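Here the protein sequences line up with chains A and B, keeping their order. For the first sequence, UniProt numbering assigns the number 1 to the initial residue and increments by one for each residue that follows. For the second sequence, UniProt numbering assigns the number 1 to the initial residue and increments by one for each residue that follows.
Simulated from the structure, these hints should not be mistaken for lab results. Bear in mind that the values here come from a model prediction, so they are computed numbers and not experimental data. Any given hint might turn out to be false.
Copies of the same chain look alike in the list, so a pair counts if it fits in one copy or across any two.
As the list claims (entries may be wrong) - Calculated cross-link-like contacts (lysine-lysine; reagent style DSS-like; alpha-carbon spacing at most 30 angstroms): (1) K62 / K7; (2) K332 / K40; (3) K332 / K62; (4) K25 / K47; (5) K5 / K65; (6) K40 / K7; (7) K62 / K5; (8) K265 / K332; (9) K62 / K25; (10) K62 / K14; (11) K14 / K265.
There are 2 protein chains.
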Amino acid sequence: MAGQKIKNMDELAKVSSISRPTLSKYFNDPESVRKTTRQKIETALEKYDYRPNIFAINQNRKLTKTIGILVPYLADPFFAEIARRIELSCIEAGFWPTVFSAHGEQELENNALATMQSLRPAGALIAPLGRRSDFEAVRRFAEDVPTVVFDSNVNVGEAFVGHDNFQSTELIVDYLCRTGEPPCFFEMPPLNPNANKRREAYVMAMENLGQTPEIVQVDGASWEFEQIGLEGGKRLIEQRALPSNTVLCSNDRLAIGLIAAAYQKGLRVGHGPECAMRIAGHDDHPWSRYTCPPLTTVSQDYSSIADRSVEILFDLINGGNKYQSRVETLFKGNLVLRSSA
Amino acid sequence: MAGQKIKNMDELAKVSSISRPTLSKYFNDPESVRKTTRQKIETALEKYDYRPNIFAINQNRKLTKTIGILVPYLADPFFAEIARRIELSCIEAGFWPTVFSAHGEQELENNALATMQSLRPAGALIAPLGRRSDFEAVRRFAEDVPTVVFDSNVNVGEAFVGHDNFQSTELIVDYLCRTGEPPCFFEMPPLNPNANKRREAYVMAMENLGQTPEIVQVDGASWEFEQIGLEGGKRLIEQRALPSNTVLCSNDRLAIGLIAAAYQKGLRVGHGPECAMRIAGHDDHPWSRYTCPPLTTVSQDYSSIADRSVEILFDLINGGNKYQSRVETLFKGNLVLRSSA
DNA sequence: TAAAAAACTTTACTCACGTAAACTTTTCAA
DNA sequence: TTGAAAAGTTTACGTGAGTAAAGTTTTTTA
Numbered sequence: 001m002a003g004q005k006i007k008n009m010d011e012l013a014k015v016s017s018i019s020r021p022t023l024s025k026y027f028n029d030p031e032s033v034r035k036t037t038r039q040k041i042e043t044a045l046e047k048y049d050y051r052p053n054i055f056a057i058n059q060n061r062k063l064t065k066t067i068g069i070l071v072p073y074l075a076d077p078f079f080a081e082i083a084r085r086i087e088l089s090c091i092e093a094g095f096w097p098t099v100f101s102a103h104g105e106q107e108l109e110n111n112a113l114a115t116m117q118s119l120r121p122a123g124a125l126i127a128p129l130g131r132r133s134d135f136e137a138v139r140r141f142a143e144d145v146p147t148v149v150f151d152s153n154v155n156v157g158e159a160f161v162g163h164d165n166f167q168s169t170e171l172i173v174d175y176l177c178r179t180g181e182p183p184c185f186f187e188m189p190p191l192n193p194n195a196n197k198r199r200e201a202y203v204m205a206m207e208n209l210g211q212t213p214e215i216v217q218v219d220g221a222s223w224e225f226e227q228i229g230l231e232g233g234k235r236l237i238e239q240r241a242l243p244s245n246t247v248l249c250s251n252d253r254l255a256i257g258l259i260a261a262a263y264q265k266g267l268r269v270g271h272g273p274e275c276a277m278r279i280a281g282h283d284d285h286p287w288s289r290y291t292c293p294p295l296t297t298v299s300q301d302y303s304s305i306a307d308r309s310v311e312i313l314f315d316l317i318n319g320g321n322k323y324q325s326r327v328e329t330l331f332k333g334n335l336v337l338r339s340s341a
Numbered sequence: 001m002a003g004q005k006i007k008n009m010d011e012l013a014k015v016s017s018i019s020r021p022t023l024s025k026y027f028n029d030p031e032s033v034r035k036t037t038r039q040k041i042e043t044a045l046e047k048y049d050y051r052p053n054i055f056a057i058n059q060n061r062k063l064t065k066t067i068g069i070l071v072p073y074l075a076d077p078f079f080a081e082i083a084r085r086i087e088l089s090c091i092e093a094g095f096w097p098t099v100f101s102a103h104g105e106q107e108l109e110n111n112a113l114a115t116m117q118s119l120r121p122a123g124a125l126i127a128p129l130g131r132r133s134d135f136e137a138v139r140r141f142a143e144d145v146p147t148v149v150f151d152s153n154v155n156v157g158e159a160f161v162g163h164d165n166f167q168s169t170e171l172i173v174d175y176l177c178r179t180g181e182p183p184c185f186f187e188m189p190p191l192n193p194n195a196n197k198r199r200e201a202y203v204m205a206m207e208n209l210g211q212t213p214e215i216v217q218v219d220g221a222s223w224e225f226e227q228i229g230l231e232g233g234k235r236l237i238e239q240r241a242l243p244s245n246t247v248l249c250s251n252d253r254l255a256i257g258l259i260a261a262a263y264q265k266g267l268r269v270g271h272g273p274e275c276a277m278r279i280a281g282h283d284d285h286p287w288s289r290y291t292c293p294p295l296t297t298v299s300q301d302y303s304s305i306a307d308r309s310v311e312i313l314f315d316l317i318n319g320g321n322k323y324q325s326r327v328e329t330l331f332k333g334n335l336v337l338r339s340s341a
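Please take these sequences and the hints and turn them into a complete structure.
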């Protein structure tokens, strides 16, 4: 492959003594040509440096090999991680994934959707911003491109894959009630459906246990959840405004901020008798292992969510284009007991 | 734009009464046509739903509007953050950035380079893996595509933009020596040139101050630096093998792991008299604000690195293609004093 | 070994747009 | 009002590959 460069398939056809249509077939699917021709082509490919021009390839194909991936905020390790897994699955399946991020803003989300759309992808996996999404834009996109929505259920696309917030929230509320003071719920103004569902699930779970739900909402509208948790947490601790010494946070990033707030205010966090408060999170975020103390939380099943999303998308792409009805798949979470609660 | 769909420029030419070459000019640069024609085009665009086909556009242009961005590991918030800034600058300048990640592996880095190359981008901004890079592949890429290398200096491409590890390391070593026990240096096997330079800089700075440098290397070859810091840290603390109670970590992520290790081993971290050890990092990583205690570190000038990289690339793209010689720009770090050291 | 099937070659057209050349119309300053 | 200069139109060709149809060669099957 270090050899001379070759401009196009016609030139490759000459030097390999294989006709261009056959070469075209080969690049579409190497298995679709006879073994002997495949070998001829591959020896030529070793000798000459050639890669088909993507733009020319995709111009005529109805079905490109591109897959669009859109996440609301790539600097959040949860999305970075899930995007990573999806990307790898796509590469393995011979597709060309391209990752886009909305960076938390509607304008950029629409921008990314438009860019993706003009890439005419075979399919897309998108996690919409949620509350800030331009739903019309997302709907129009999903009409055009076979789309699997993950993480944030906005009721468009052919399928949704996500996390069972009710199951997981009940799990951790049960645990917290069983092992100490019933938790209050610490949240910020909800950015997406998950946050809302978690609040509702908390209320339900508490009522089922005969406890009074207590919700504490702190201000904040950015994607710097830790900062919001830290600032809000410090204020609440100063004012002794937390209704319970056990705090269930709407997500791990908020919990990380709250743990830092407790530390800075000299409050010991954990479940021992010498501890002033218990803090629990939700997600099993990559960082939650490294907080002080390590964070007790409920996991999201990252790999299942990523794998299933891709699986469903490939189904969609291969077999026709539409499911009979919209499929929603929710994965259960597991209790991750560490020492913060 | 909710109107009927239009297939191609010819159809748009008909409905807008503007010739196709002029339309082509308009899409290339809306400012390049007379105001009256621009308005005609734009009213047609509001009525009919049309976007030029990217593939057809790029097939013919020598200069596409695509910019490739490659980072070694996108799940690391440092790179996520810097990629985010670069992306935004590119969008603002009217380019189409596409982010790729090597996910820490050479094979995927080469893969990403190949994909980028076949996108025939106007330019690329790449942060190579470093030690694990296939240097030949990177060099060949940079020969083909105007390339600015950032973060990890591998001596290819037209320019390098990065962080002044010598200056910053000296800064924090000075600070640590001035305010307490001289630090030992905590590292893992270096993945890239920065890690090596930091070690060298540490040794130099210590010697300049008449101190004996002490280096502690823990095992680990993954990109889970926190995990490496945590495991290595716990072992060192158990065995009382740290040569100093002040530890300068090669980077913040390692420091985050080490802080967790100290916490788990019951050692209080900070600079008070009641503290057992001081821990400092390097990078001012997005998380370093939320450790317990908050991490004292030296900042990398994220925004300058991102901005200058983009600036240089645009220079390269616009004015000719080559600099006389390879330009290296290093930005200084600042001491970020928090309470861990 | 003959016939049928599979794979390949040749030829020719398509896709949607970039772009160059020659010509026409509009704009604007002298 | 005139005459460049600027902007637009018409025409025509290029890009690199997908793909269809008709014919040829190779392989497989009976």
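Against the structure, the hints come out as follows:
1. K62 / K7: Both: 24 angstroms inside a chain and 14 angstroms across chains, each within 30 angstroms.
2. K332 / K40: Neither: 51 angstroms inside a chain and 55 angstroms across chains, both beyond 30 angstroms.
3. K332 / K62: neither (37 angstroms within a copy, 51 angstroms between copies)
4. K25 / K47: For K25 and K47, only the intra-copy Cα distance (20 angstroms) is at most 30 angstroms; the inter-copy one is 40 angstroms.
5. K5 / K65: Close inside one copy (24 angstroms) and across copies (24 angstroms); limit 30 angstroms.
6. K40 / K7: For K40 and K7, the Cα distance is within 30 angstroms only inside one copy (19 angstroms; across copies 40 angstroms).
7. K62 / K5: both (29 angstroms within a copy, 17 angstroms between copies)
8. K265 / K332: Answer is neither: 35 angstroms inside a copy and 33 angstroms across each miss the 30 angstroms cutoff.
9. K62 / K25: Result: close both inside a copy and across copies, 15 angstroms intra and 27 angstroms inter.
10. K62 / K14: both (28 angstroms within a copy, 25 angstroms between copies)
11. K14 / K265: Cα proximity of K14 and K265: none, with 76 angstroms in one copy and 70 angstroms across.
Checked against the numbered hints listed earlier, the structure breaks hints 2, 3, 8 and 11; every other hint is satisfied.
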